[in-house]
Amino acid sequence: MSAISELSTIHRAKAKTPEEKRLLAKEAGRDNKAGYLFLLPWLIGLVLIIGGPMIASLYLSFTNYSLIQAPEWVGLANYARMFDDPRLHKSLAVTFTYVLVGVPLQLIAALAIAILLNEGMRGLPFYRSVFYLPSMLGSSVAIAVLWRQMFEVDGLVNQILRKFGIPATTSWIGDPQYALWTIILLHVWTFGSPMVIFLAGLRQIPGMYYEAASVDGASRWAQFRKITLPLLSPIIFFNLVLQIINAFQAFTQAFVVSNGTGGPADSTLFFTLYLYQRGFVQFQMGYAAAMAWLLVVIIAAFTAINFYFSKRWVFYGD
Amino acid sequence: MALNRRQFLIGASGLAAAATTMGLGACAPGSSGGGSQGGGNQGGKTSLALAWWGNPTRNKNTQAMIDAYMKANPNVAITGQPGDFTSYWDKLATQTAGGQAPDIIQMDMLYIAEYGTRGALLDLGSVDTSKFVEGTVDSGKINGKLVGVNAGINSALIFASPKVFEKAKMNMPDDKTWTWDQLIEIGAEVASKAGVPFGVASLLQSDALFGTFVRQHGKELFTENGLGFDVPEAQAWYDYLLKGQKAKAFGTPEQVSEEQPKPLDQSAIVVGNAAMQYYNSNQLEAVSAAAGEQPKMLRGPSLAGKATERKTWYKASMLWSASSKSKNPDAAIAWINWFANTPDAANIDLAERGIPPNTEILAEVKPKLSSAQKVVAKYIEDIKPEVGETPIAPPPGGGTIQTVIFRHGIDVLFGKTSPADGAKQFVDEMKSNLKV
Amino acid sequence: MTDLQTTLSDETTLTGPAPQEAIHHRPTGRDRARSAIKHILLIAASVIMIYPLLWLIASSFRPTEVIFRTPGLWLNDVYVENYTKGWYSLSYPFGQYIINSFIVVVGAIAGNLFACTLAAYAFARLKFRLRGLWFAIMLLTLMLPFHVVVVPQYILFNALGFVNTFVPLILPKFLATDAFFVFLMVQFIRGIPKELDEAAVIDGCGHWKIFSRLMLPLMGPAIATTAIFTFIWTWSDFFTPLIYLTDPIAYTVPVALRSFLDATAGSNWGAMFAMSVVTLIPLFLVFLFGQRFLVKGIATTGGK
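Line by line, the protein sequences are chains A, B and C. Here our numbering is used: position 60 in the first sequence is 60, and no number is missing along the way. Here our numbering is used: position 159 in the second sequence is 159, and no number is missing along the way. Here our numbering is used: position 40 in the third sequence is 40, and no number is missing along the way.
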C-alpha cells in the first residue's frame, strides 16, 4: 500500500506553520492583475446582466408590483405575509421533500452507472447515450403527457404491477399523496447530466494510480475507496452542491406534468412554481420577488453547510 | 510553438463570436431596423403589432386576415405575433412590463380586468358595436369603459356522446327541463349501462356551470365589491358534487384528478370515457374532429327544471383589446372595427374564434360555415330566451377561480375535508385573492 | 515519454480497455459471468430509460386522434403525414426554426467556452484580492430563481433595443453568466496537481501560457461537458426565446413546437411529436459525437 499512501499524501490538505501562513498571506494578492484580467468577462457580465436585475429584484421584493403598473413601496409587507400563507408553507414542504429525497437518489444512480460504464466494455458509447437520453427529453411536453399517462389508475405502471399479481388501484398521478413521487421519479430518471459529469471526472483519474495500487496488491474495493473516491471528490462535491441548488429551483417538470397547477391539491406545488403563479398569473411580482430572496437564503444556507463540511472529505490537487 | 487546435478554436471564437453576436443579433430575421416592434412609422407606413394565441389553423386564418387588411390598407404594416395559450400570458405580462405591449391584443375574460383596471388597455368606445347581439358588448367593459370587443360568442354547456348513449340504450336527456338532480340520475345510469368511468366529466373544473348554479341561487360570481357569493353556495356546490360522486355519476376522485390537466384531444369524451362532459360551445368543431363523432349540445341543468331559468349567459370566448401605450391607437381601433364589422374578416375567420356577435355579419357568413359551426350558431340562437344578464368580468384576482375551486374541491372529493370546510377555504382564498 | 505514458495513451481510443482492466489479461469464468449479468442488467435498465422515447417515436407515426387512444408501442399503420405535413404546418417550414436554434446554440457554446474557462482559471489558480467574495457572489447568482430576474433583464435589453434579436440569448454567455460551468471547470482545474503548474513556471511560462498550453488541454473532459450541456440546454430553452423573440421567423425550436398546441381548441399533437423527434436528432448526434472528447482523459498527467 506504500505507493498509494505516498500518492495520496500529495493530495491531502497540508498543515501550515505560522511562518508559512505569513508567506502565503503575502502571496495572496500577488496575482491581482492577472486575476482580474482573466475575470474581466465575468465581471462585466455580473455588472451589466446579472447584478442590476438581481438588485432590482431585491428592491421589487419590498414593493407591490403588478408588472402592468409601476411598483409601489410597501416595505416588509410581502415578507410578513409569507408567514400567513399556507400555500407557501406547502410549497416549502413539497420542495424540501423533493430535495432531500430526489437529489441523493439521482446522484447515487448517476455515480453507480458512471462507475459501471467507466470500466470499459462492449457497447460503451451506446449505453452512455442511452442513459443520457432521458436528460434530453426531461422537460418536453410530450414526455410529460406520457408520464401522466403511465402513472394513471389504468396506466402502464399499474398494468405491469398487476401482471405480477399486485392489486394496483392507486392513481399515482391523481392522488395527492403520491403525485410528488412521480415527479421525483422523473427527476431520478434524468440522471444523465450528473452521470456525464461523473464520467468526465472518472476519466481524469490517472490510470497509473490504479496500476501502482494493483502492483501493491490492492483489491478493487480498496482501490475504489482509496483512489477513486478521493480523487473524484471534487466532482462529487460539485454535483452535490449544484444538484441541491437546482433541485430547490425545480420548475419545468412540475409545470408541464401538472399543467401549471401544482396539483393535485398542491401536492406538486414546487416553490418556484408557486413563485411563478404569484408573479405571472396573479400579477404579484413583488411577493414573488420576496419569495425568491427567501429561497436564496435557504439555498445559500445549504450551500454554506456543504462547503463547510467539504473540507473534511474533498481532496484537491492543489 | 504551434497552437493546438483547441486553443486556436477558443481564441478565434472568442474574437469572432463577440463581433458576430452583435452582427447576428442585430440582423436576426424579422427585426426591421433595430428591434422596435410595431408602434411608430416606418417608411411612411403605420405599423402595428398584433398578438394572438391559437393553433396552426387559427394562425393561418389570422395571417390571412392580416394580409387581406394590408392589401385593402396599403399604408398599414401589421406584424403578427402568434403564440400558444399557456405561455401567451407570461409573454404579454413581460412585454407590458417593458413597455413593449403589442398594439392589438387578443384578450381573454380571465385577464381583461387585470389589464383593464390597471390602465393598460385602450378605450375602444369608438368601435362600432351597434349591431352586436344584446349582452355581448358589456362583458368587455371595465368600470364602464369598453376595453375589449367581443371576438366570438360562446356559452358553457354539456356535450353528450351519441355513441355512449346508444351503447347504454338510452335516449338523449331532455335538456330543456332537467334539474341538477336529474343530471346525477341520468349520469349514473348511462355510466353504469355503458360501462364508462364518467357519467358527467369535468364539472369541478367548470367555473361557468358553477356560475349558473350560483345565479340560480340568486347570487353572482363577482360583483363590483368583490366576491358575489359566500360559503352556503360554495358548500351547496361541493355537496352536490359529492352526491354525484357517491351515485357514481361523476367518476372517482382519482379519475377527476387525472382528467383535469388533460388537453382537449385527450379528454374523456374524446377518448370515449365519458357520456357527458362540460365544454364551451365554440369547441364543438375541435371535439368532433378529435372524437370522430359530433357530440350533442345539451343545455346545463337548472334548479327549477326550466331552461329559461338557468341564468346562463353569452360569454365572449375571446376579445380584441388594444394597448393604451400604442403609438398608433387610431390604426389599432380601425383594425378592430374592421374585424368586428366587415364580412371580409368574418369570411376568413369563419367563426373559428366563436360565433360573430354582429348579427348582420353572422347572417352573411352562416352559409359558408362548416356543418359543426352551423350547429353551434343555431344553438347560440336557440338559447337566446334563456340568456340572463351578462355578468361582470372577473375582477383582478378573480381569474384564479378555476384553479381555486378545483383545488379545494378535490380535497372534498377525496374525503380529506368536509364540504363545509372546503367551501370555507375556497371562499376565504378567493376573498384574499381579490383583495390584494 | 516513459513506457508508462505510452501505455496510458492507448486509453484514448473509444473501445480500448480502461485503467483497471488493462491489468488483468486473462478473463476468468467468473469474469465472464459477471460481465454477462452486467450486460443483462444494463440492457434492462436501457429499456426503462428509453421506453418514453420509443413511445414518442411510435406516437409520431399515428394521427392525432389515435395517439391518445392507443397506449401501446405497436404500430398498425405507419402515418407519415405528421412528418411530411407537420414540417410545413407552421408559419414557416420547420427548418427555419432549426436554423435559428443552431445560430443561438453555436453562439452560446462559443461564449461559454471563451468566458467560463477564463473565469474558472482565475478562481482556481490565481490568488487575487477578494477572490473568495467574487466566488461567493458567483455562486449566489445561481441561487436566484430566474422568474424574478427575467423581467428586469427584459426591461434592460428593451432599453438597449435588443428585443426581437438573438442578442439577449447569446451575449450573456460571453460574459460567463452560466456560473454552473465556471464552477464545473473550477472543480476540474483544482483536481489537476499543482506540480504541473510549478513545472511550467520553472520552464518560464507566464499565466497566459499556463492557461492556454497546460490547463486547456488537460481540461478536455470539462470543456467537452460544457459544450455538450450548453448545446442541449440552450437548444431546449423555452422561456427566454419566448419573451425576446416576437417575430415568428426568429422562433427557436421549443417555441415553434409549442405553436402546434392550443389549450383551448384542438392541437396538432401528431405533428408536434413528429417535429419533437426531428429536433432530438441533432441533440443525439451532438452527444454521440461529443462523447469522444469526454473519453480523452488526462492520460498525460504522468508527466514526471
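Calculated from the structure, these hints are not laboratory results. Glycine included, every Cβ here is placed at the ideal spot set by N, Cα and C. There may be inaccurate statements among the hints.
List time: in silico DSSO-like cross-link candidates among lysine-lysine, alpha-carbon distance up to 27 angstroms [claimed, not checked]:
{"hint": "1", "chain 1": "C", "residue 1": "K38", "chain 2": "A", "residue 2": "K311"}
{"hint": "2", "chain 1": "A", "residue 1": "K90", "chain 2": "B", "residue 2": "K169"}
{"hint": "3", "chain 1": "A", "residue 1": "K163", "chain 2": "C", "residue 2": "K194"}
{"hint": "4", "chain 1": "C", "residue 1": "K85", "chain 2": "B", "residue 2": "K262"}
Anything over 10 angstroms on all C-beta distances counts as not near chain A; from chain B, calculated [unchecked claim]:
{"hint": "5", "residue": "E114"}
{"hint": "6", "residue": "R118"}
{"hint": "7", "residue": "P261"}
{"hint": "8", "residue": "K262"}
{"hint": "9", "residue": "E293"}
{"hint": "10", "residue": "D344"}
{"hint": "11", "residue": "R407"}
Per label pair, the in silico range of CB-to-CB distance [said to hold, decoys possible]:
{"hint": "12", "chain 1": "B", "residue 1": "K243", "chain 2": "A", "residue 2": "Q159", "range": "26 to 36 angstroms"}
{"hint": "13", "chain 1": "A", "residue 1": "Q159", "chain 2": "B", "residue 2": "M70", "range": "35 to 45 angstroms"}
{"hint": "14", "chain 1": "B", "residue 1": "K193", "chain 2": "A", "residue 2": "I108", "range": "44 to 54 angstroms"}
Hints, one by one, checked against the model:
1. K38(C) - K311(A): It is violated: about 35 angstroms lies between the C-alpha atoms, which goes past 27 angstroms.
2. K90(A) - K169(B): At roughly 47 angstroms apart (the allowed maximum being 27 angstroms), K169(B) and K90(A) break the hint.
3. K163(A) - K194(C): Judged against 27 angstroms, a Cα distance of about 58 angstroms means the pair is violated.
4. K85(C) - K262(B): holds, 25 angstroms
5. E114: violated, 6 angstroms
6. R118: violated, 4 angstroms
7. P261: violated, 4 angstroms
8. K262: violated, 8 angstroms
9. E293: holds, 23 angstroms
10. D344: Fine: 33 angstroms to the nearest Cβ keeps D344(B) off the interface.
11. R407: For R407(B), whose nearest Cβ neighbour in chain A is about 6 angstroms away, the distance does not exceed 10 angstroms, so it is violated.
12. K243(B) - Q159(A): 26 to 36 angstroms: Distance hint for K243(B), Q159(A) holds at roughly 32 angstroms.
13. Q159(A) - M70(B): 35 to 45 angstroms: At 55 angstroms between Cβs, range violated.
14. K193(B) - I108(A): 44 to 54 angstroms: About 51 angstroms separates the Cβ atoms of K193(B) and I108(A), which means 44 to 54 angstroms holds.
Of the numbered hints stated above, those contradicted by the structure are hints 1, 2, 3, 5, 6, 7, 8, 11 and 13, listed in ascending order.
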